[in-house]
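Number of protein chains: 2
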Amino acid sequence: MLEDKNPQRTPLEELGEFGLIDHLTKSFTTTQPSTIKGISDDAAVMEFGDLQTVMTTDLLVEGVHFDLAYAPLKHLGYKAVVVNLSDVSAMNAKPTQITVSIAVSNRFPLEALEELYAGIGLACKRYGVDLVGGDTTSSTKGLLISVTALGVAPKNDIVYRNQAKPNDLLVVTGDLGGAYLGLQVLEREKEVFKVNPNNQPDLAPYAYIVERQLKPEARTDIPELLKELEVKPTAMIDISDGLSSEILHLCKGSKVGCNLYEDKIPLDPQVISTSEEFELNSTMVALSGGEDYELLFTISQDDYPKIKGNPHLSVIGHMTEEKEGAHLVTRAQTKIPLEARGWNAMKS
Amino acid sequence: MLEDKNPQRTPLEELGEFGLIDHLTKSFTTTQPSTIKGISDDAAVMEFGDLQTVMTTDLLVEGVHFDLAYAPLKHLGYKAVVVNLSDVSAMNAKPTQITVSIAVSNRFPLEALEELYAGIGLACKRYGVDLVGGDTTSSTKGLLISVTALGVAPKNDIVYRNQAKPNDLLVVTGDLGGAYLGLQVLEREKEVFKVNPNNQPDLAPYAYIVERQLKPEARTDIPELLKELEVKPTAMIDISDGLSSEILHLCKGSKVGCNLYEDKIPLDPQVISTSEEFELNSTMVALSGGEDYELLFTISQDDYPKIKGNPHLSVIGHMTEEKEGAHLVTRAQTKIPLEARGWNAMKS
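Sequence lines, in order, name chains A and B. For the first sequence, numbering that gives the first Met the number 0 gives the first residue as 0, with consecutive numbering after it. For the second sequence, numbering that gives the first Met the number 0 gives the first residue as 0, with consecutive numbering after it.
Treat the hints as calculated values from the structure; they're not laboratory data. Some clues are possibly wrong.
The list makes no distinction among identical chains, and a pair is therefore deemed to hold if it is satisfied within one copy or across any two copies.
As the list claims (entries may be wrong) - Here are the computed lysine-lysine pairs in the DSS-like style, where the Cα-Cα straight-line distance is at most 25 angstroms:
| # | residue 1 | residue 2 |
| --- | --- | --- |
| 1 | K322 | K307 |
| 2 | K25 | K263 |
| 3 | K164 | K322 |
| 4 | K254 | K73 |
| 5 | K25 | K73 |
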């Protein structure tokens, strides 16, 4: 009864996720002396005393971010924590505490939530973080999980995404594309299951990529490794949306361009074979797949000897002047502009 | 396809909200040296450097916590922030930063979210806190808002809910019962509106209680006031669920009993007149109504002269030995055991 009867209505799809956040928060300014960095990085940064504290939060919605038909609740709980720890790692900080809130409809029995919290507990133990709070409430439909993570780092250790310089090397951890292909496998098996519920899927040939999808790990080891190697990245981000999207975030944030070399992108053999099986281009899978939760960062060329040959790290390109733009240099030495492709643009 | 076909199923209703949180988190321990207090108070407490940091989080679900038929989105955004700041105040800390995550179905146009964020922004400005992060995602149904707040306090200033002592005085800020009655008025008008959409409700006689429901304020002034008065409460909690429920939390946390005096409970004249109109017992409304976001705390009797006569504070009872239990002493000098009554138990 208090509503305007003739409101303007702009569909949300017109903006997309990042456009929406930017739009909604553009008029917000920060005033607290302890706020070092607000919205615009993987996590917020606060300074309390001698340490800097980072905070990040994520919301996972059933039917949008996960499908309980193939995501066991224990894995889901684990993953919900991991994706936040990954954001803390991407700030070069050490995750310390989390809060977990859930909204849940009454179609879920207690045992389902116990499974979920078993996964949350497993992640807390694996990564040495403390669950320090949360909220549980009922929902009118489905399950929703909201996790917030805190982390700490000594002053000057935090790495943002806006300090990459031309000629810096672009480095990625681990390998890419597995999580997306794992999802393709699981979705295919779900369709098979619908036709014949007695069919037992043989997921063994896909064990690595299915685990990348269902039980990803956060690279909390990387900030420690970088400290040991005495390398402070100039910029860092985690790969939640796909390599090309994250590179473009680094380029935009740092006002630089980039050359990414196709032949340097690290791919697991299972990613290559499964891409072939699904008739997908494995480079496109790595560029657009997302959910790998590896770290992408830039370092000064002077630091190259320190990381050379490290099995966790692959140099995949270098930054350029902004005006040169961001490009993929293919195996055929062709330069293609990098685009933040969506998940539907991947059929080869 | 990975699900157990014959799982045990315990309906969530069997546990209730607090039982559920306790049950799900009972096996969690904390290991980070910076974690001072995990789950079990209004907010978690961390120690980074010389300051202590508190963190709290809340989840609001459409159809569970709010009804957009009478809660304007701007007020909803404001309230979503306030309820978290209230938790920070209840730790005797100063709120500094928040993150806001929303899940929203595509029935909401952008303008609706702009309204919501206008309310969030208003609360940030009013309380001097910074929005430092968040997440927006689509939902399959309705609107869901998750807010996390951080706050700080010098070491030793934080007040928990477990240090009340027998003979301590029980003190409450402001007045009680307004928010619940405001909701009754709004729900009545919604029914009237359904019958005759052209009917314009006259809410003027209910202005105070409707505002208590739609646009509550957090008592961030109270930690400052207590500092000025040189009073450190022995225990403190905010009143989100109703006075009796919060008193029982203090008693349980501090292992004490309590005598609450009916004739001392502060009530606004509008609460008294509207209770009569709705044939509700105003004491029961104050005891069980909830959502007033006032602070409830205990102080040593030695501190009584410091708070005596302060217009913000009412002494409503005193703590006793645990074995004496928690009681309401009625106007007729009868002692009735305090119970954490639900919202449906209030018809007089």
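So, going through the hints one by one against the coordinates:
1. Neither within a single protomer nor between protomers do K322 and K307 lie at most 25 angstroms apart by alpha-carbon distance, with minima of 29 angstroms and 69 angstroms respectively.
2. Taking CA atoms no more than 25 angstroms apart as the test, K25 paired with K263 passes in neither setting, with 37 angstroms inside one copy and 47 angstroms between copies.
3. Proximity of K164 and K322 under a CA criterion of 25 angstroms is satisfied intra-copy only: 13 angstroms inside one chain copy versus 68 angstroms between copies.
4. Within a single copy, K254 and K73 get their C-alpha atoms no closer than 41 angstroms, and across copies no closer than 36 angstroms, so neither meets the 25 angstroms cut-off.
5. Proximity of K25 and K73 under a CA criterion of 25 angstroms is satisfied inter-copy only: 17 angstroms between copies versus 37 angstroms inside one chain copy.
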